[in-house]
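Protein chains in written order, with this note's numbering: chain A, 6 to 328; chain B, 68 to 580.
Hints listed in this document are in silico derivations from the structure and should not be mistaken for laboratory results. Please note: incorrect hints may appear among the correct ones.
The calculated DSBU-like cross-link candidates involving lysine-lysine, where the alpha carbons are at most 30 angstroms apart (straight line), are [stated by the list, open to error]:
| id | chain 1 | residue 1 | chain 2 | residue 2 |
| --- | --- | --- | --- | --- |
| 1 | A | LYS114 | B | LYS512 |
| 2 | A | LYS171 | A | LYS238 |
| 3 | B | LYS569 | A | LYS171 |
| 4 | A | LYS171 | A | LYS14 |
| 5 | A | LYS156 | A | LYS114 |
| 6 | A | LYS12 | A | LYS171 |
| 7 | A | LYS156 | A | LYS238 |
| 8 | B | LYS424 | B | LYS347 |
| 9 | A | LYS12 | B | LYS569 |
| 10 | B | LYS512 | A | LYS14 |
| 11 | B | LYS424 | B | LYS512 |
| 12 | A | LYS14 | B | LYS569 |
Keep in mind it's a predicted model, so treat the numbers as computed, not measured.
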Amino acid sequence: MLSRIRKLKAAGLLGLNQRNGDFILQYNHRRFYPLVDDKLLCKERMLRENLPVPALVGVIELMHQTSHINDVLGDVQEFVIKPARGSGGDGIMVISGRQGGYFIDSDGKMIEQDTLEHHLTNVIGGLYSLGGHSDSAMIESLVHFDPSFSKLTYHGVPDIRVIVYKGYPVMAMSRLPTRMSHGKANLHQGAIGVGIDLASGITTGGVSGNAAVSTHPDTGAPIEGFIVPGWEKILLMSAQCYEAVELGYLGVDIVLDRDLGPLILELNARPGLNIQLANRRGLRHRLEAVDQMGDTLEEPQVRSTWSSATFGEVYEPRPAQSL
Amino acid sequence: MKRNRQWVTLSVLLIVLGGLIFMYKVSRLGYPPMPDMETAAWSIQARLQLEPETGAVRASLKLPARPSGFTVAQENFVSRGFGLTLEEETLSRQADWAIRRLRDTKTIYYRALIIPDTRRRTFASRPPYPDIPQLEEPYATALKDIVAEVRSVSADTETFTAATLARLTGAEPDENVDLFLAEVGSSAERVRLAQTLLAGARIPTLSLHGIRLGDDTQRASFETLLAVFNGDDWLVFDPSNGQEGLPDDYFIWWTGDSEPVTVSGARLADLQITTRQHIKSTLELAQQRAELQNNRISLISVLQLPVQTQAVYEVLLLIPFGILVIVLMRNFVGFSSFGTFAPVLIALAFRETELVKGIVLFVIIVSLGLFFRFYLERLRLLLVPRLGAVVTIVVLLMTAISIISDQLGMETGLSVSLFPMVIISMVIERMSVVWEERGAFTAIKEGTGSLMMAALAFVCMSNDLLAYWVTVYPEINLVLLGVIIAIGRYTGFRLTELRRFKQLAADPPQAAS
Numbered sequence: 006m007l008s009r010i011r012k013l014k015a016a017g018l019l020g021l022n023q024r025n026g027d028f029i030l031q032y033n034h035r036r037f038y039p040l041v042d043d044k045l046l047c048k049e050r051m052l053r054e055n056l057p058v059p060a061l062v063g064v065i066e067l068m069h070q071t072s073h074i075n076d077v078l079g080d081v082q083e084f085v086i087k088p089a090r091g092s093g094g095d096g097i098m099v100i101s102g103r104q105g106g107y108f109i110d111s112d113g114k115m116i117e118q119d120t121l122e123h124h125l126t127n128v129i130g131g132l133y134s135l136g137g138h139s140d141s142a143m144i145e146s147l148v149h150f151d152p153s154f155s156k157l158t159y160h161g162v163p164d165i166r167v168i169v170y171k172g173y174p175v176m177a178m179s180r181l182p183t184r185m186s187h188g189k190a191n192l193h194q195g196a197i198g199v200g201i202d203l204a205s206g207i208t209t210g211g212v213s214g215n216a217a218v219s220t221h222p223d224t225g226a227p228i229e230g231f232i233v234p235g236w237e238k239i240l241l242m243s244a245q246c247y248e249a250v251e252l253g254y255l256g257v258d259i260v261l262d263r264d265l266g267p268l269i270l271e272l273n274a275r276p277g278l279n280i281q282l283a284n285r286r287g288l289r290h291r292l293e294a295v296d297q298m299g300d301t302l303e304e305p306q307v308r309s310t311w312s313s314a315t316f317g318e319v320y321e322p323r324p325a326q327s328l
Numbered sequence: 068m069k070r071n072r073q074w075v076t077l078s079v080l081l082i083v084l085g086g087l088i089f090m091y092k093v094s095r096l097g098y099p100p101m102p103d104m105e106t107a108a109w110s111i112q113a114r115l116q117l118e119p120e121t122g123a124v125r126a127s128l129k130l131p132a133r134p135s136g137f138t139v140a141q142e143n144f145v146s147r148g149f150g151l152t153l154e155e156e157t158l159s160r161q162a163d164w165a166i167r168r169l170r171d172t173k174t175i176y177y178r179a180l181i182i183p184d185t186r187r188r189t190f191a192s193r194p195p196y197p198d199i200p201q202l203e204e205p206y207a208t209a210l211k212d213i214v215a216e217v218r219s220v221s222a223d224t225e226t227f228t229a230a231t232l233a234r235l236t237g238a239e240p241d242e243n244v245d246l247f248l249a250e251v252g253s254s255a256e257r258v259r260l261a262q263t264l265l266a267g268a269r270i271p272t273l274s275l276h277g278i279r280l281g282d283d284t285q286r287a288s289f290e291t292l293l294a295v296f297n298g299d300d301w302l303v304f305d306p307s308n309g310q311e312g313l314p315d316d317y318f319i320w321w322t323g324d325s326e327p328v329t330v331s332g333a334r335l336a337d338l339q340i341t342t343r344q345h346i347k348s349t350l351e352l353a354q355q356r357a358e359l360q361n362n363r364i365s366l367i368s369v370l371q372l373p374v375q376t377q378a379v380y381e382v383l384l385l386i387p388f389g390i391l392v393i394v395l396m397r398n399f400v401g402f403s404s405f406g407t408f409a410p411v412l413i414a415l416a417f418r419e420t421e422l423v424k425g426i427v428l429f430v431i432i433v434s435l436g437l438f439f440r441f442y443l444e445r446l447r448l449l450l451v452p453r454l455g456a457v458v459t460i461v462v463l464l465m466t467a468i469s470i471i472s473d474q475l476g477m478e479t480g481l482s483v484s485l486f487p488m489v490i491i492s493m494v495i496e497r498m499s500v501v502w503e504e505r506g507a508f509t510a511i512k513e514g515t516g517s518l519m520m521a522a523l524a525f526v527c528m529s530n531d532l533l534a535y536w537v538t539v540y541p542e543i544n545l546v547l548l549g550v551i552i553a554i555g556r557y558t559g560f561r562l563t564e565l566r567r568f569k570q571l572a573a574d575p576p577q578a579a580s
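For reference, chain A alone in the conformation it holds in the complex:
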């Protein structure tokens, strides 16, 4: 056991205790938390910084509004319901179409309006919110994910998670929804995490749960060597998020929209550690490298270039899959 501890230390593994104690508690000030914990506030901030986000369809804050869901939706066919202060992807409902009085969810199941309304009351009641406080339901337009990802996902929308430390992107991965995760890009719920090389935007190995995987379990497509389109822009956007919310240790979730390009889906003040498994790399060495940079804040562009140059690895795409 001791030798494993030594090896993990050498690999620069960041543990939960250290993430919390040395990074989140040190660099994420409480007063900025609402900016990421409340998805509505977050969206507002992003828009102020001219960062692209999915369009907001509407907000449901009061119980009686739930029965007027159709007025809020108008003729929007595809949308996502999110608890504004939810955590860990709980309570997110993806509707990919409407048929008659029914809604169709990401698994293709028909959902009654009654069920949808009940879900909304649960969200507003605070069932999914941090600490159980009452919440509001945010209705967002559905992202049409970039078809380049279609082989790598089962329903749902794959996203890209970038860890940004003091404004420097330090590690990235893509999260691919699976049948198990019900179309949600959440590793806890069964999505696959795939490491991404910071310099090239090429995917490396994958991880499902804690086990390494090389192909998508539902589509069978290999997940290695895939080039994420618009990688430079993604890195830059992530770096810019630091100016928007001022959290020193930040997880930026980005989706690739077919028409709109990369959009910032949400930010996370307590990003998980599985990204290290997906990348087969520990975070600590990279965080320390950023610490070496000193306290002067460079421009986002400078930061993302530095990160890509410093943390990028010479990675040979095996049979390079085209877009």
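For chain A, the structure is supplied; the task is to place chain B on it using the hints.
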């Protein structure tokens, strides 16, 4: 990274403070570190029998004042008809009885409880140096010779006394000493002789009178020891064998040359000292002693509170131990549970039901509750009313279980009512959410995890030794606070992370960054 090291100071400070109070109580106040420890205490009784002579009667008895190694508690005097006055000074005490007329033989009693004390106390103040005694010949010359001779074979007061006593006890016969010894009978006289000889060298001395406390004795006799002042301290010698040091069982009753009892107007027919040994709870004695000493530190304990309140505080003071278990399980091991400290509350409930029965009850209630919760889900109730419904159902379930188990003649069912139903309802609610969102497996896994943590916290909190410690030494919780604060800055790996990230250990990266 900027680091704040204050927590180290705070944590160490708390641990040391708690430890010091604990040590002080154990070593200075004699609080027993283990429960059910017993110590011997003695009740002593002096019985004075007075036979009338003529006129007014006055009798006085020397009382124990500052016995080194013992404390006098609960004194009382039985002396009907006599006027009693106490003469109390720090180093000597005396009881004076007086009566105008004594018609017939009368008995006076003095009783006291003697409890052992950890403190050694001086029994006399710094004395003046005595003058060389003016003796007649041939004693004067003999004394001079003895002093000169002993001085030649000794280095200081201590060795001088030892050498003198060696001559007196006959270990080293000496003509000059024999001259003095010819007139010595009792041990008191021997001490007086030693004092005379030591005064020849201008060494201050004092005679100690006391009894040995051991088994029960019907008629204990006073034993006289010799105390010698070496300029700083009093050294005690046993004149009969020359041994140095105050024997542990020697209880100093009074000091100086006076008699224990002086009587005028009557005749002391009998003076009987009896001792009786009692085995008492060490804790009780320590408390009694601390009370006599008016010690503030002894107030740090819940033992002064009414018994019922004590029981409540015993539970309250144990909670931090349950919390520590949770903290360890979460931050060192890496387990998760429903609700941060819910397992502690469940563990508290187990105290009422015992572990196995508690776990069974918990599982029954949670499973039934989950069943109803899933049904409620279908009714599309709003969140708070639904939670309310779950709590109500839980209460009803508990009542039903109590009634059924009572009918079956089992007793545990009745104490189930103390199960924290709101906590259980929250567990049910959280579990059903996890069940829906993450699947039954995760829900059951986390539920079992919570239950395991509760069981562990219970095992820790139901430890009798721990329960004893927190009531007698509540300062232990200061140590615990220090430990918890220290764990709060533990940034190493969790045990489960070693498994979770084992791939990273398997293939170390080739020079990342």
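Evaluated hints:
{"no.": "1", "hint": "A:LYS114 <-> B:LYS512", "result": "holds (28 angstroms)"}
{"no.": "2", "hint": "A:LYS171 <-> A:LYS238", "result": "holds (18 angstroms)"}
{"no.": "3", "hint": "B:LYS569 <-> A:LYS171", "result": "holds (28 angstroms)"}
{"no.": "4", "hint": "A:LYS171 <-> A:LYS14", "result": "holds (22 angstroms)"}
{"no.": "5", "hint": "A:LYS156 <-> A:LYS114", "result": "holds (21 angstroms)"}
{"no.": "6", "hint": "A:LYS12 <-> A:LYS171", "result": "holds (27 angstroms)"}
{"no.": "7", "hint": "A:LYS156 <-> A:LYS238", "result": "holds (23 angstroms)"}
{"no.": "8", "hint": "B:LYS424 <-> B:LYS347", "result": "violated (37 angstroms)"}
{"no.": "9", "hint": "A:LYS12 <-> B:LYS569", "result": "holds (9 angstroms)"}
{"no.": "10", "hint": "B:LYS512 <-> A:LYS14", "result": "holds (29 angstroms)"}
{"no.": "11", "hint": "B:LYS424 <-> B:LYS512", "result": "holds (21 angstroms)"}
{"no.": "12", "hint": "A:LYS14 <-> B:LYS569", "result": "holds (11 angstroms)"}
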